[in-house]
Amino acid sequence: MRVLFVDDEPRVLEAIQRMLSDAAGAWEVITATSGEQALALLEDSRIDVIVTDIRMPGMDGATLLNKVHERWPSITRIVLSGHTDQEHAMRAMGSAHQFLSKPCNPKRLTDVVENAFYLSALTPNARVRELAAAVHRLPAMPKVHERILALIDGSRASVRDAADLVAQDPGLCAKILRIVNSAFFARGQLVRDVRTATARVGLDLLRALVLQERASCGLSGARVEQIQRDSLDAAAVTIRIVAPEHQRTAFTAALLCDVGTLVLEQGAPDEIAAVRAYATEGLVPIHVAEKELLGSSHADVGGYVLGLWGVPPVIVDAVLGHHDLGRDPSHLSAAVHVAHCIVAGDVVSPEAARRAGVESRLADIREAYLEEKHAA
Amino acid sequence: MVGLVASEAPAPLGAREGSTNSARPPPRDSLAAVAELEDQRRRLEKALADLKSTQARLLQAHKLEAIGQLAAGIAHEINTPTQYVTDNVEFLSRAFERLCQLVVASRELLESAKQGAPSSEVLARAEASLANARIDYILTEAPKALQQSVDGLHRVANIVAAMKDFSHPSGGEKAPCDLNEAIASTIIVATNEWKYVAEVETDLDPTLPLVRCLRDEVNQVILNLIVNGAHAIDAVVIGGSKGKGTIRIETTHDGGWAEIRVTDTGCGIPEKARDRVFDPFFTTKPVGKGTGQGLAIAYSVIVEKHRGEISFETELGRGTTFIVRLPVNVHEERFSTFCAPPRPLA
Ligand SMILES: Nc1ncnc2c1ncn2[C@@H]1O[C@H](COP(=O)(O)OP(=O)(O)OP(=O)(O)O)[C@@H](O)[C@H]1O
Ligand SMILES: [Mg+2]
Chain W
184 MRVLFVDDEP
194 RVLEAIQRML
204 SDAAGAWEVI
214 TATSGEQALA
224 LLEDSRIDVI
234 VTDIRMPGMD
244 GATLLNKVHE
254 RWPSITRIVL
264 SGHTDQEHAM
274 RAMGSAHQFL
284 SKPCNPKRLT
294 DVVENAFYLS
304 ALTPNARVRE
314 LAAAVHRLPA
324 MPKVHERILA
334 LIDGSRASVR
344 DAADLVAQDP
354 GLCAKILRIV
364 NSAFFARGQL
374 VRDVRTATAR
384 VGLDLLRALV
394 LQERASCGLS
404 GARVEQIQRD
414 SLDAAAVTIR
424 IVAPEHQRTA
434 FTAALLCDVG
444 TLVLEQGAPD
454 EIAAVRAYAT
464 EGLVPIHVAE
474 KELLGSSHAD
484 VGGYVLGLWG
494 VPPVIVDAVL
504 GHHDLGRDPS
514 HLSAAVHVAH
524 CIVAGDVVSP
534 EAARRAGVES
544 RLADIREAYL
554 EEKHAA
Chain H
-19 MVGLVASEAP
-9 APLGAREGST
1 NSARPPPRDS
11 LAAVAELEDQ
21 RRRLEKALAD
31 LKSTQARLLQ
41 AHKLEAIGQL
51 AAGIAHEINT
61 PTQYVTDNVE
71 FLSRAFERLC
81 QLVVASRELL
91 ESAKQGAPSS
101 EVLARAEASL
111 ANARIDYILT
121 EAPKALQQSV
131 DGLHRVANIV
141 AAMKDFSHPS
151 GGEKAPCDLN
161 EAIASTIIVA
171 TNEWKYVAEV
181 ETDLDPTLPL
191 VRCLRDEVNQ
201 VILNLIVNGA
211 HAIDAVVIGG
221 SKGKGTIRIE
231 TTHDGGWAEI
241 RVTDTGCGIP
251 EKARDRVFDP
261 FFTTKPVGKG
271 TGQGLAIAYS
281 VIVEKHRGEI
291 SFETELGRGT
301 TFIVRLPVNV
311 HEERFSTFCA
321 PPRPLA
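In order, the protein sequence lines correspond to chains W and H. For the first sequence, the numbering used here gives the first residue as 184, with consecutive numbering after it. For the second sequence, the numbering used here gives the first residue as -19, with consecutive numbering after it.
Incorrect hints may appear among the rest.
[As the list claims (entries may be wrong)] Not close to chain H: a few residues of chain W, all C-beta gaps over 10 Å, as computed:
| # | residue |
| --- | --- |
| 1 | I230 |
| 2 | E253 |
| 3 | P256 |
| 4 | V467 |
| 5 | R544 |
[Said to hold, decoys possible] Under the rule of at most 16 Å between Cα atoms (straight-line distance), these lysine to aspartate or glutamate pairs were calculated in the EDC-like manner:
| # | chain 1 | residue 1 | chain 2 | residue 2 |
| --- | --- | --- | --- | --- |
| 6 | W | K326 | W | D347 |
| 7 | H | K252 | H | E295 |
| 8 | W | K326 | W | E408 |
| 9 | H | K265 | H | D196 |
| 10 | H | K124 | W | E197 |
| 11 | H | K175 | W | E192 |
| 12 | H | K269 | H | D214 |
| 13 | H | K43 | H | D196 |
| 14 | H | K222 | W | E219 |
Because the hints were derived from the structure by calculation, they are not lab data. C-beta atoms are modelled at their ideal positions from N, C-alpha and C, and glycine is treated no differently.
For reference, chain W alone in the conformation it holds in the complex:
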C-alpha cells in the first residue's frame, strides 16, 4: 500500500514520515512538497491513497485532487488542511473523499488511511472500485429537494421537518453524514443519525447542499424513487426491531443500505440492467447476481463509498453486511437485513431473526408493516 502526502511545509511531511515509521512495513510513505511534484510522482508510480494540504503556492490541493479524480479515479483522496473556514471545506469536498483538519491526531490520521486500505481490500473488483471511488455525487432527488428548499425558504422552517425530508433521500443523507463527521464539523462524537446531522449542518448549509445537488442533477426516475421508498420503509421497520437507544443509528444504516445500487445505476447502467435480467431469469437474489456478474454486490459498493466518505464504521459495516450475515456479526446489520427482507417480501431465515432478536416478534412486525403499507 502506498500513500502520498502532499504539503508545502516540509516539516509536516518529515514529521508524518517519522510518526508512520513504525508502520513502515505495511505502508510505503511517499511525499511531495507541491501539487506539480505530486502529479509527477503519480505518473511514475502506483499510489493507493493521497493526503494533501489545500493551500499551497502554485497548484492548490483542490485542483490537485480534481486532476487525480479525473486521471486516477480509484485513488482515495483525503484532505489534511490547516484552514478552518467553511468555504475551503466545501470547495475541497467536491473532489475529496474525506476532510481532516490540522492538527489531526496521529491515531485518526492512521485510522483514516488504514480504513482506505481496508475498504479497497474489501472490494476486489477493480472496475467496481473505480466506479465507486469516482462517484462524488449520488443521483439527485429533485422532488425531495424542491420540498426541502420550500421548507427552508418558508416561514416555518424547522430542523426537525428538514431532517424528515432529508431522510427521504439516501444520497443527501449520506452526504450530510459525511459532512458532519468530517473533521471540520465533528466535535468528538461521531454523528450517526439524520436528525442530529441535520441540526449540526444547519438549515443554511443544508440549503446550499441541496442547491449543489440540484444543479448537478444526475439520475432520477421511477427506479431511483423505488429504491428511495424501499430504503425509507426499511428504515422505519428497523426502528421496530432494535432497542430505543439504537433506533437512530439503525434508521440511518437502513436508509443508506442501497446507496450502492444508486452508484451502480449511475455509473454502470447497462451492466446493472444485465444483472437484473439475469436475476429474474435465474431466480437468484440481486446481490448474488451482482456478485456473479460484477464481482461485487451493491452492499460492497455502498459500504465502500460510504466508508470512503468517512461515514462511521458501524453504519458502513451494517451496509456491507446487510446481505451477508457472516460478514458482520453485529446486531445492527442483522436488524437491517431483516427489515429489508420484510420490505422486499422475502423470507427471513431463522438465523437472521435470532441475530436480530426478533424470533418471537417477526410475524407481528411483518404484519404491522403490511398494514401500514395498505393504509398508505
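With chain W fixed as given, assemble chain H with the ligands onto it according to the hints.
Below, chain H with the ligands without anything else, positioned relative to chain W:
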C-alpha cells in the same frame, strides 16, 4: 452613507427646494431667515457628526472584517506547526518506549554477564529488543524531531505574542510607540496573507524614535499596505505559480518625521486609478477580495488623526511603494535612547 445623511432630512427633495426658493426673495421676516439659517447650520452639523460616526463605524467594520480574515490565517499558521509538533512527539514517545525496553534488556544482559556467561535466552532477548528499537533510525531522526518540535513551539509562541501586540487596543489614546516593533508584529500576524506569493524583507532603522500614535490604528494601516502589496504581487505571480515577489518594508527618520516605506514588486497602479486609490470604496478587486476601504482608512488614520502624510510611487509592471510619514512628537524624542532594538523576524 448618503442614505444615512438623507434620512436625517426626511423632507422630499422638491419640498426642500421650494422652501429655499421661498426664503430667498426679499425676506419677509429677517428673524425667520436667521432661524432658518440656524436650522440649516444645525442640520449640517448633525450631518457632519453623522458622517464622522459613519466613518468610525466603517473603520470598525473594516477592522472586524480584517480581523476575521486574519484570524483564519493565524489559525492556519498555528495549526501547521501544531501538526508537526504532534507527529514528532508521537514518534519520540514511541522511540522512548523502545529505548526503555532496550535499557531493561541491556541491564539484564549486564547482570547475567557479571555472573558468568549470559544464557542464550537473555542474549536473544537483548538482541531482539536491539533490533526492535531500530536504533539507527532513532539516532538520526530523534534529534531532528526534537529540534523541529522546539522550533514549531517557538513559532506558535511568536505568533501568539505578535497577535497580542497587534491587537492591543489603544482606546483612542495616543501613546509612544516603537514602529519597528509594530511592523515586525504586523508582518507575523499577516503571514498567511503574503507567504504564498511573496518574501518579506525588512530594513528597520534601529535609531527610529518612538512615535506618539494610536498604535492599533497604525498597525492596521501597515497591515492594509502589506495586504495590498501581496495582492498586487499575486496579480503578477498568480498564486505563486510563477515564483514569488518581494515586499520590502523600511523605516527611516529625518527631522521631526518617521517614515515607513512599503515596496512591492507587484503590478503597479494604472494611470487612471492613481487619483482614486484613496477614495472610499474605490477598488479594482473582485467581491470578496477587496472593498476599497483599505487606503481610505489609511488616509484617515495617517493624515486626519496623526497629521502625517501618505503617498505612493508606482511604475506599471515594476511595483509600488507606499510612503507613510508620521510626525515624531518632540516630547517623546528624548525617550528614543531607550528605544528597544528591532525584534528579529522569525
Ligand atoms: N500596492 C498596490 N499595487 C497596485 N495597486 C494597488 C496597491 N494598493 C492599492 N492598489 C489599488 O488601489 C485600490 C484601492 O486599494 P484599497 O486598499 O483602498 O482597497 P482594496 O485593497 O481594493 O480593498 P480593501 O478594502 O480590502 O483594502 C485597489 O483595489 C488597487 O486597485
Ligand atoms: Mg487593500
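Results for each hint:
no.	hint	verdict
1	I230	21 Å, holds
2	E253	19 Å, holds
3	P256	25 Å, holds
4	V467	50 Å, holds
5	R544	49 Å, holds
6	W/K326 / W/D347	14 Å, holds
7	H/K252 / H/E295	13 Å, holds
8	W/K326 / W/E408	10 Å, holds
9	H/K265 / H/D196	25 Å, violated
10	H/K124 / W/E197	9 Å, holds
11	H/K175 / W/E192	12 Å, holds
12	H/K269 / H/D214	12 Å, holds
13	H/K43 / H/D196	10 Å, holds
14	H/K222 / W/E219	13 Å, holds
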